[in-house]
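All chains, full assembly: derive it from the sequences and hints.
Heads up, the sequence shown is in this note's numbering, so the first residue is 1 and it goes up one at a time.
These are calculated hints, taken from the structure and not from any lab test. Heads up, a few of these hints could be off.
As the list claims (entries may be wrong) - Only pairs whose alpha carbons sit at most 30 Å apart, straight line, appear in this in silico DSS-like list of lysine-lysine: (1) 8 - 77; (2) 85 - 124; (3) 77 - 87; (4) 6 - 115; (5) 72 - 5.
Quick caveat: nothing in here was measured; it's all calculated off a predicted structure.
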Amino acid sequence: MLQPKKTKFRRQQKGRMKGLAQRGNQLAFGSFGIKTLQSKWITGRQIEAARIAVTRHMQRQGQIWIRIFPDKPITKKPAEVRMGKGKGSPEGFVAPVTPGRIIIEVEGVPFDVAKEALRLAAQKLPVTTVFVVRRDYDETQNV
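This is the structure:
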């Protein structure tokens, strides 16, 4: 499961996710990708489930890039605990994403294989996504 090796602080404030993605919003490595249309926290488990779905469908051909990393610690207080007494203990890590952020990129497979693989990955994620293709992609040079 994805998580940082070391963090400077154990706990972090929630923050807010307003506006569109300013970075990571264009295809940088592959020819195909999925772009989020919502703001949400994506957990390391969800990212790993999406990665497995893509690699299973592509059957060890092509290459994938995961463009997000869960580096924000999330805390929870135990069940049935009264208010106050400080912040809860860290439970896991999430990656905050805003609309326009590319989540996964794929290269080295035909258009239809990539589209289906990324559709399966999108089902594992808690956000609405859209399939994107590189602007200069040529369908005639079918890999």
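Taking the hints in turn, this is what the structure says about them:
1. Taking the CA atoms of residue 8 and residue 77, the gap is near 21 Å; set against the 30 Å cutoff, the hint holds.
2. Proximity of residue 85 to residue 124 is assessed by CA-CA distance (about 36 Å); at most 30 Å being required, the pair is judged violated.
3. Between residue 77 and residue 87 the CA atoms are separated by roughly 7 Å; this keeps the pair inside 30 Å, and the hint holds.
4. For the hint linking residue 6 to residue 115, the alpha-carbon distance of about 36 Å lies beyond 30 Å, and the restraint is violated.
5. As the CA atoms of residue 72 and residue 5 are separated by approximately 12 Å, the hinted pair is consistent with the 30 Å bound.
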